[in-house]
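J.: Starting from the structure of chain S, add chain R where the hints point.
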Amino acid sequence: MAVYDFFTLPRDVTELIQRNSELEDEVANLQSQIIQLQEQLQEADILYSLLDYARSRPADEYIAAAVIGRDPSPFLQYIIIDHGSDDGIRYGMPVVTQQGLVGRVEAVTASAARVQLISDAQSTVNVTLQTQDADALIEGSISGDITLEMLNQNVSLNTGDILLTSGLGGNYPADILVGQVVDIQKTENELFQTAYIQPVVDFDTLRAVLVITNFQTTNISPLTNETER
Amino acid sequence: MLANFVSIPFMLLLSVLQSTAISRITLINGCADLVLIGVACWGVKEKGYNAFVWALVGGLFTALITAMPFYIPIASYIFVALLAKILFGRIWQSPILMLIIVVFIGTIFQHILSIFYLQVNGVSAGLITSLRNITLPSLLLNLFFVFPMYVVVSDLRQWVLPGEDYE
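Residue numbers (the numbering used here), protein chains in the order written: chain S, 28 to 256; chain R, 163 to 329.
Excised from the complex, chain R in its bound form:
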């Protein structure tokens, strides 16, 4: 229960950081998604369903800021939590490798959703351009932020749920 409550200030903090600082750190046109990484980091470390609450809370905060429709961040983060749940303990029991895979697939899923939405709304979002200028740089930045976030989330988890680490 406490883990769910903690998700509110933590995801709020990540959303604010995302909007004010991280979105200014760009590589070509891509930028990292701290909320997605936060959800993935929490998801790969637990057997329960708290990551879905984290995904929902993170998605709602992001939806308040972004001009994308609310269901895109929510669906992306829930997909990340679901992926972490499916892969939990299946990849050499190693959370770091699993985390990288979850963030990689999650980012691609999120970008496919965004491109699909833009195409439906008449925006010409060329797949090659999107992949080269946005998705690949974003992937790289996401993977860059994975490790610091993993350390932060691990510490937070030990504080919230002491003795429940499945590493």
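Pulled out of the complex, with its shape left as it was, chain S reads as follows:
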């Protein structure tokens, strides 16, 4: 047997080298498959969460969209999603995730749309406190911080209070989670108290969103200053 091995060993080594090379290729293929599957799994997790959220609010109709880009200007807080007017996305539609409010559609092309985040400096959202009957509004800023404004001094505001959309103004549906109070600025001489808000959505890691397609925004501008003059 040893003699047989002695004579056949070189051939076996060649075969082993070839086999080793084949196995290395297979390992590389499997590793790339694992990475792809992990990515698909992450995507599926996100989509399942979005689906759960959509099922919890059956009255609304949704289109799921992936976040494909951000506004290049550091002064603006916008994202770009991969669905546009061809998919039924229209100007003004509210955008949410399973966690809460993201923003609203601000511009649409055939295959993509630009969404203004609630942290954008030009964004204002009417909100209400979850535990009290008190309306206020939240405003974004150029640095992406969100503040609670126009809240009556009589309201007892506490750190950790939850904010929901109030539906006033007609831009967003009511009762969507927005964020929670993290720091209160209350000065007795001021008419209103203000507070810093921690949004429930992490805008830096957004990968997929839901666009609410059956919500009709209300244009209240004819009822404001211009017609009163």
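Watch out, some of these pointers could steer you wrong.
Quick list of simulated restraints, FRET-style, between CB atoms [said to hold, decoys possible]:
#1 Pro171/R <-> Phe219/S: 51 to 59 Å
#2 Val282/R <-> Leu250/S: 24 to 32 Å
#3 Asp109/S <-> Phe271/R: 13 to 21 Å
#4 Phe271/R <-> Leu78/S: 42 to 50 Å
Not the full set, but computed from the structure, chain S residues with beta-carbon under 8 Å of chain R [unchecked claim]:
#5 Pro99
#6 Leu103
#7 Tyr105
#8 Leu250
Interface residues of chain R toward chain S, partial, derived using beta-carbon atoms under 8 Å [unchecked claim]:
#9 Arg186
#10 Asn191
#11 Gly192
#12 Ser256
#13 Ile296
#14 Ser300
The set of hints was computed from the structure by calculation and includes no laboratory data. Predicted model, so just to flag it, every value in this text is computed and none were measured. The beta-carbon is built from N, C-alpha and C at its ideal position, and this holds for glycine as well.
T.: Frame of chain S; chain R shown alone:
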């Protein structure tokens, strides 16, 4: 002529990279502007007027993506090309030093335009906050990306315009 045609795919690539990847790399609230750096890199290496075409093409692509009005990116990039044209060969004949100056002044000009636009539209964009949280970090990131971009644009230029380097 070829240089102008090349600007279309190159600036498209930079705009897409800017929107998808670079805008996620932030320092405080600032982020780099690849298109601005690309225009500056091309501008500091030539005597001609191709950089203005690059600025226009880059500005148009950026205007398609950004919520800023179209004239802000276009004006910023044309200003960068103009600055590169004015300074060409005047600062110790050194394109790298000139590039840093062009990117530095160009970034500040772009941010002043943006802040002015926001102020006009009723957004309270405090100068100190903008400078501390956005402009200075953006400047730092822009200067970080200057050198790799300079190498890429130099190679591209040698391929498009062989033997016309003024370094």
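J.: Run every hint past the structure and note whether it holds.
T.: These are the hints, each one checked on the structure:
1. The hint said 51 to 59 Å for the Cβ distance between Pro171/R and Phe219/S, and at roughly 52 Å that hint holds.
2. For the hinted restraint 24 to 32 Å between Val282/R and Leu250/S, the CB-CB distance of approximately 25 Å keeps it satisfied.
3. A hinted range of 13 to 21 Å is violated for the C-beta pair Asp109/S and Phe271/R, which are about 33 Å apart.
4. The given range of 42 to 50 Å is respected by Phe271/R and Leu78/S, whose C-beta atoms sit roughly 47 Å from each other.
5. At its closest, the beta carbon of Pro99/S sits 5 Å from a beta carbon of chain R; the interface hint therefore holds under the 8 Å criterion.
6. About 5 Å separates the beta-carbon of Leu103/S from the nearest beta-carbon of chain R, less than 8 Å, and the hint is met.
7. The beta carbon of Tyr105/S comes within 5 Å of a beta carbon in chain R, closer than 8 Å, and the hint placing it at the interface holds.
8. A distance limit of 8 Å between C-beta atoms decides the matter here; for Leu250/S the minimum to chain R is near 20 Å, and the interface restraint is violated.
9. At a threshold of 8 Å, the smallest CB-CB gap from Arg186/R to chain S is about 7 Å, leaving the interface hint in force.
10. Contact between Asn191/R and chain S, as hinted, is supported at the beta carbon level, the nearest pair being about 5 Å apart and thus within 8 Å.
11. For Gly192/R, the shortest C-beta to C-beta distance to chain S is roughly 5 Å, which falls under 8 Å, so the interface hint holds.
12. Here the hint on Ser256/R is broken, as its CB sits about 29 Å from the closest CB of chain S, past 8 Å.
13. A distance limit of 8 Å between C-beta atoms decides the matter here; for Ile296/R the minimum to chain S is near 5 Å, and the interface restraint holds.
14. Because the closest C-beta pair between Ser300/R and chain S is about 6 Å apart, less than 8 Å, the hint holds.
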